[in-house]
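Line order of the protein sequences matches chains U and E. Counting in this note's numbering, the final residue of the first sequence is number 287, and the numbers go up one at a time with none missing. Counting in this note's numbering, the final residue of the second sequence is number 1157, and the numbers go up one at a time with none missing.
If you're looking for bench data, these hints aren't it; they were derived computationally from the structure. Glycine included, C-beta positions come from ideal geometry on N, C-alpha and C. Be careful, since some hints might not be right.
Label pairs and their computed distance ranges (CB to CB) [said to hold, decoys possible]:
no.	chain 1	residue 1	chain 2	residue 2	range
1	U	6	E	1042	24 to 34 angstroms
2	U	22	E	1005	18 to 28 angstroms
3	U	60	E	1120	14 to 24 angstroms
4	E	1093	U	214	48 to 58 angstroms
5	U	180	E	1120	26 to 36 angstroms
6	E	1122	U	244	50 to 60 angstroms
7	U	97	E	1075	20 to 30 angstroms
8	U	6	E	1097	34 to 44 angstroms
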Amino acid sequence: MTELKRYLAPTSLDQAVECLKGGNVTILAGGTDLTPQSQAGRIKFKQTLMNIRHIPQLTGITLEGKEIRIGALATITEIMEHPLVRQHLPVLVEACDHFASDQIRNAGTIGGNICNASPAGDTLIPLLVLDACVELASMPEAKLYRHCMPISTFFTGPGKTRKSLCELVTGVRIPVPGAGHVSRFYKHGTRPALDISTISIGLAADIHDGVMKNVRVAFGAVAPTPLRATATESALEGRHLDAATIEAAAIAARDEVNPIDDVRATAWYRKEMIHNMTKRLLENVSA
Amino acid sequence: MSALKHEIEFTLNGVKRKVTVDVTMNALDMLRDVVGLTGTKYGCGEGECGACTIQVDGVSLNSCLMFAVDCAGRTITTVEGLTDQPRGEALRDAFVEHGAVQCGFCTPGMMMQADHLLHKHPHPDEGCVKRGLEGNLCRCTGYKKIVDAVVACGADK
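Using the sequences and the hints, build the whole thing.
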């Protein structure tokens, strides 16, 4: 039984957030998750189905000052092919390249990947290590209100975020990394295509004279949310990447994740993989 | 209880169409059950198999993962419209020549995805074709003949 009563396809951001005021809205963008989830009965439609694909403010990939702004409707393919992203954010390109299949990359949007808030969401790990901020829009009174929230505080549980029902994700903002910035992404699954991560790892840091600063480490599919690995970061911050530091960081990584047993892997296997692959990624950076 | 309906207009294989669909219907069901074009196949219904691949505004996607209402205003090509175009025709001939069709169920999706691949990479090597077709499953051929057909089609031009 659905209580769906209205279908809307607004053409401006104002119209969309006005419609969201009541909060009783299911949002449709690429549809690659909403279609199977709703048909399987895992998602119940709310009173209004709102297709946000016709809102120009949600599109585009642009350089704005020292940030790259990716509109919520940018597809995974658009992101991985965009010159700005390829030049400045190779770790995001790498994650997009491991995302599902060509057909799904052509339809799925980054806004959708963020709002689905899967612990295994492929783009979320690079966004975490790149210090991305999520842009939100709402209309608390009669006026459009926009603000940004660091993605590291955005996720609260599987499928759950701090976004209120009256808010719309309009895009994501990523600071352009400076000189000396290095980053890596690794995803483990049973086949290259169409696989949900068993684990994924993102790593970013500024390296000057061999010393790591502003270290960011994030893990996917090992906790209820995509996880910023603060203990692993502390084990690396301000240090030279020698064998002892790498081993200490890999152990910190294994100890701070809290995975579950599921159809894709056991918790034990995930912890071992986090240890081994964190080590391998760091060795790759130091090589 | 009657489901919520919505009227949409779009271009399908070069022809303007106007149809009324259930708002929660996917594009695959619309093509097969409302429009009556059954070339596009239902395989898994969740984007794993690629049998329902169509092209929308020039890019390939899984029609089972698309809302029918989201077709409004867009240009859609299905396998029925593919062979009206020279590349589609060449692809069909290459599939026949290389024995890339056995039971045939994956073939419409394979052709639609291969066409998109050839649009982006006119002369793909084997690795490029395998990568491009990784969202399409075939349970008969072991893929070799399909990959050979697409590589040959790119080499012809």
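Against the structure, the hints come out as follows:
Residue 6 (chain U) and residue 1042 (chain E) have their C-beta atoms about 28 angstroms apart, which keeps the hinted 24 to 34 angstroms range intact. Distance hint for residue 22 (chain U) and residue 1005 (chain E): a CB-CB separation of about 22 angstroms, consistent with the stated range 18 to 28 angstroms. Between residue 60 (chain U) and residue 1120 (chain E), the C-beta spacing of about 21 angstroms keeps the proposed range 14 to 24 angstroms intact. The supplied range of 48 to 58 angstroms is met by residue 1093 (chain E) and residue 214 (chain U), whose beta-carbon atoms lie about 56 angstroms from each other.
Our hint of 26 to 36 angstroms for residue 180 (chain U) and residue 1120 (chain E) holds, since their Cβ atoms are close to 34 angstroms apart. The supplied range of 50 to 60 angstroms is met by residue 1122 (chain E) and residue 244 (chain U), whose beta-carbon atoms lie about 51 angstroms from each other. The hinted window of 20 to 30 angstroms between residue 97 (chain U) and residue 1075 (chain E) holds, with their beta carbons roughly 27 angstroms apart. Distance hint check for residue 6 (chain U) and residue 1097 (chain E): the Cβ-Cβ separation is about 52 angstroms, which falls outside the suggested range of 34 to 44 angstroms.
The earlier numbered hint that this structure contradicts is number 8, and it is the only one.
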